[in-house]
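Peer 1: Residues per chain are reported as follows:
2 protein chains.
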Amino acid sequence: MQSFIYDIPTKVYFGPNQIDNNLSNELKKFGNKVLLVYGGGSIKKIGLYDKIINELNSANLQVFELSGIEPNPRHTSVNKGAQICKQEDIDVILAVGGGSVIDATKFMAAGRYYNGDTWDFLIGKAQFTNALPIVSILTLSATGSEMDTGGVITNTETKEKLGNSHPMLRPKVSFLDPTNTYSVSKYQTACGSADILSHIIEVYFYSYDAMYMLDTVMEGLMKTVIKYAPIAISQPDNYEARANLMWASSWAINGFVGQDKKHAWSCHPIEHELSAFYDITHGLGLAILTPRWMKHVLSSNTVDKFYQFGVNVFDIDKNLSKMKVAETAIEKLESFLFKDLNLSDNLTKLNIDDSHFETMAERITKDGPLKGFVDLSKNDIIEIYNACL
Amino acid sequence: MQSFIYDIPTKVYFGPNQIDNNLSNELKKFGNKVLLVYGGGSIKKIGLYDKIINELNSANLQVFELSGIEPNPRHTSVNKGAQICKQEDIDVILAVGGGSVIDATKFMAAGRYYNGDTWDFLIGKAQFTNALPIVSILTLSATGSEMDTGGVITNTETKEKLGNSHPMLRPKVSFLDPTNTYSVSKYQTACGSADILSHIIEVYFYSYDAMYMLDTVMEGLMKTVIKYAPIAISQPDNYEARANLMWASSWAINGFVGQDKKHAWSCHPIEHELSAFYDITHGLGLAILTPRWMKHVLSSNTVDKFYQFGVNVFDIDKNLSKMKVAETAIEKLESFLFKDLNLSDNLTKLNIDDSHFETMAERITKDGPLKGFVDLSKNDIIEIYNACL
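Sequence order for the protein chains is A and B. Those letters in the first sequence? Residues 375 to 763, per my numbering, in order. Those letters in the second sequence? Residues 375 to 763, per my numbering, in order.
Keep in mind the hints are simulated off the structure, nothing from the lab. Among these hints, one or two may not hold up.
It does not matter which identical chain is meant; a pair holds if it fits inside one copy or across any two.
Think about it this way: if two alpha-carbon atoms lie no more than 27 angstroms apart in a straight line, the pair counts; the simulated DSSO-like pairs of lysine-lysine are [said to hold, decoys possible]:
(1) K533 <-> K407
(2) K740 <-> K425
(3) K636 <-> K601
(4) K385 <-> K407
(5) K713 <-> K418
(6) K546 <-> K669
(7) K698 <-> K533
(8) K546 <-> K636
(9) K533 <-> K601
(10) K679 <-> K752
(11) K385 <-> K546
(12) K698 <-> K723
(13) K425 <-> K698
(14) K692 <-> K752
(15) K418 <-> K752
(16) K601 <-> K696
(17) K696 <-> K403
(18) K745 <-> K723
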């Protein structure tokens with residue numbers, strides 16, 4: 375188990391109507407000029423946009439707007455936001471949306487203090503020296519960006535999807551109102567839930583000493599997603615289901631559960647290439663990849679962790695052989711993802727063939743094997759992609 | 375499930391040797407004058423005192439000292455500390471010890487800004503207007519004071535043991551080095567573990583809608599204590615055991631797991647009267663009381679929560695009747711507390727008889743029944759005390 379520094383100071387208002395008064399009070403702590411960033415029109419449809427504008431106006435905050443942030447947010451949008459922050463001398467960014475919007479604002483916030491293309495933060499050319507404060511209002515339970523330090527941005531010119539992180543990008547305050555996710559479609563609810571589950575799986579599967587306590591927390595978070603995602607899909611306005619998914623999304627990836635590990639993720643980098651090439655929904659890509667990755671890395675060396683996963687998350691009979699439990703656990707995960715969540719179970723259904731697999735695997739392993747629970751060579755990754763067809 | 379505000383900004387350095395450089399850097403953020411507060415000589419015995427003094431001296435911090443904080447810290451000690459803070463214009467308090475020391479510094483920190491007896495904070499006569507920042511170095515896994523907002527102080531003149539809390543009392547930074555607990559005796563390790571477990575039980579047993587996700591986290595924390603406390607007792611320098619207990623102690627009570635509940639605790643107020651009258655160790659009192667309280671409140675109305683507790687924490691066969699699972703769970707808890715932890719299983723062994731039970735129960739219920747998982751009348755409480763003989 376590694377030593378660590380726990381430092382997750384994001385303040386969260388959880389529950390309905392928490393933005394009343396609290397939103398403007400929190401924003402004012404940082405100044406008067408607010409850049410409101412959002413995606414498409416969904417926040418207008420659910421009445422959230424009007425509610426926010428009323429709240430900000432009645433508090434005499436000066437509001438600038440940037441809408442149209444893409445589902446896989448593009449560096450060109452980030453550049454636009456950073457430009458507005460500079461021109462208008464913005465004090466605080468208010469991100470309203472899901473992970474895409476919040477991710478984009480993170481690099482706008484840093485871009486405010488950088489003279490150059492914000493893409494430089496993703497390719498490691500620019501250093502994080504300062505960032506505007508971010509306040510978020512979450513409308514989709516998935517990426518956990520509302521409480522974490524990272525973001526993922528797509529460059530459609532280079533067909534690259536890259537992530538980076540820094541503590542100064544963590545939102546200062548986030549408003550989590552489960553009722554704001556009532557209108558999220560069945561499909562997006564399913565993809566978001568697969569994303570949350572994947573974040574936990576990426577940390578949970580680990581080859582070295584881990585802190586048992588944090589494993590138990592992760593098992594609880596996984597059980598939460600597995601229990602409530604199907605309920606949220608069949609009953610979109612079930613508060614209990616939406617609330618559990620929302621709080622689980624934050625804790626899956628805010629840093630708490632993986633602090634004792636120097637972990638390297640496996641499925642996320644493999645998926646990022648997929649969605650960089652094909653612009654598919656991140657959570658869907660993860661759902662298709664994860665069980666194939668599991669089958670690829672399951673062996674007598676790794677079976678113990680799968681056994682723990684099967685017994686503690688899927689309640690599989692602990693008296694079965696370890697390998698039997700492991701295989702059953704993967705089957706149960708598939709059943710959850712492809713039956714309960716009703717997600718497409720292969721890439722062929724998404725009109726994706728093997729034509730770019732070689733290039734994608736090459737890009738992932740350009741600096742050597744992909745380190746993780748089990749290190750993966752270029753060929754391993756191609757095999758995993760092929761198993762997804 | 376209740377709405378809530380999550381705001382737990384304590385920064386934690388976890389692991390061995392984290393105080394090197396980090397301690398002085400963190401203290402300096404608040405100023406140059408440090409009041410070092412500790413209990414008896416144990417921090418000298420383990421070499422921690424010298425290490426701290428060296429660290430502070432080499433950073434040119436000006437150090438004042440207050441030692442001798444009692445295991446059940448007294449308001450007279452708190453007054454002394456507050457007095458030093460005023461006289462010497464202290465910038466930051468460094469608490470080195472277990473919950474007693476950290477609890478005491480919380481009211482010193484507030485007392486710095488109050489002209490009067492610090493006991494006034496406990497009886498509600500004084501308001502919290504400001505408080506000095508607190509940095510803590512934890513040496514005992516038990517109360518969770520290192521990351522929470524509250525503290526409990528004893529007034530030996532009035533035989534009262536009272537608690538109060540305020541967000542401004544939460545330590546800004548805490549250093550959690552599991553190796554600093556290697557020298558904690560078997561008995562204190564047992565009492566501390568019983569205390570951690572009790573904090574979770576107090577929140578877990580709740581009559582209304584609770585957030586499932588947080589229940590799973592609590593079940594994980596309870597399993598962690600039950601797994602590692604016996605290991606820490608038989609192998610005092612087992613890092614894994616000490617680390618899991620330490621981090622569990624913080625998360626049991628920092629506020630996270632109970633945020634969706636307007637919870638009222640049961641065993642703690644009943645125990646506080648016990649230790650106010652008899653100065654027994656808090657964790658031991660809780661260990662003796664908790665199973666008796668459980669038996670007293672178990673009924674067909676409350677059996678569901680006990681069933682969940684039995685199945686998910688003690689892995690009892692879920693196919694048994696709910697009442698059977700509940701009763702078995704209480705037996706298993708008793709076995710853990712009195713066999714695995716080797717704690718005394720009744721008050722008679724502590725030379726306590728029923729002579730003050732009436733008075734103690736009267737004090738607890740002076741404003742009406744004790745609200746909680748099941749509301750308790752004066753007679754209920756007397757029955758619970760009597761069951762402890």
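Peer 1: Since the copies are identical, ignore which copy is meant and state whether K533 and K407 lie within 27 angstroms (CA to CA) inside a copy, between copies, both or neither.
Peer 2: Neither. Shortest intra-copy (34 angstroms) and inter-copy (55 angstroms) distances fail the 27 angstroms Cα cut-off.
Peer 1: With identical chains treated as interchangeable, where does the CA-CA distance between K546 and K636 reach 27 angstroms or less: within a copy, between copies, both, or neither?
Peer 2: both (25 angstroms within a copy, 25 angstroms between copies)
Peer 1: At most 27 angstroms between alpha carbons: which applies to K696 and K403, within, between, both or neither?
Peer 2: neither (54 angstroms within a copy, 52 angstroms between copies)
Peer 1: Pop the pair K385 and K546 into one bin, within, between, both or neither, using alpha-carbon distances up to 27 angstroms.
Peer 2: both (6 angstroms within a copy, 15 angstroms between copies)
Peer 1: Within a copy, between copies, both or neither: where do K745 and K723 come within 27 angstroms Cα-Cα?
Peer 2: neither (29 angstroms within a copy, 57 angstroms between copies)
Peer 1: Within a copy, between copies, both or neither: where do K425 and K698 come within 27 angstroms Cα-Cα?
Peer 2: neither (53 angstroms within a copy, 52 angstroms between copies)
Peer 1: At most 27 angstroms between alpha carbons: which applies to K418 and K752, within, between, both or neither?
Peer 2: Neither way: K418 and K752 sit 45 angstroms apart in one copy and 55 angstroms across, limit 27 angstroms.
Peer 1: Can you give me the call for K740 and K425, within, between, both or neither, at a CA distance of at most 27 angstroms?
Peer 2: neither (48 angstroms within a copy, 46 angstroms between copies)
Peer 1: I want to check one pair: K698 and K533. Are their C-alpha atoms no more than 27 angstroms apart within a copy, between two copies, both, or neither?
Peer 2: neither (41 angstroms within a copy, 61 angstroms between copies)
Peer 1: Within a copy, between copies, both or neither: which one fits K692 and K752 at a CA-CA cutoff of 27 angstroms?
Peer 2: Intra 35 angstroms, inter 46 angstroms, cutoff 27 angstroms: neither.
Peer 1: Taking 27 angstroms as the upper bound on the Cα-Cα distance, should K636 and K601 be classified as within, between, both, or neither?
Peer 2: between (29 angstroms within a copy, 24 angstroms between copies)
Peer 1: As a check of your reading, is K533 near K601 (CA-CA no more than 27 angstroms) within one copy, between copies, both or neither?
Peer 2: This pair counts as neither: shortest intra-copy Cα distance 36 angstroms, inter-copy 49 angstroms.
Checked against the numbered hints given earlier, this structure breaks hints 1, 2, 5, 6, 7, 9, 12, 13, 14, 15, 17, 18; the rest are met.
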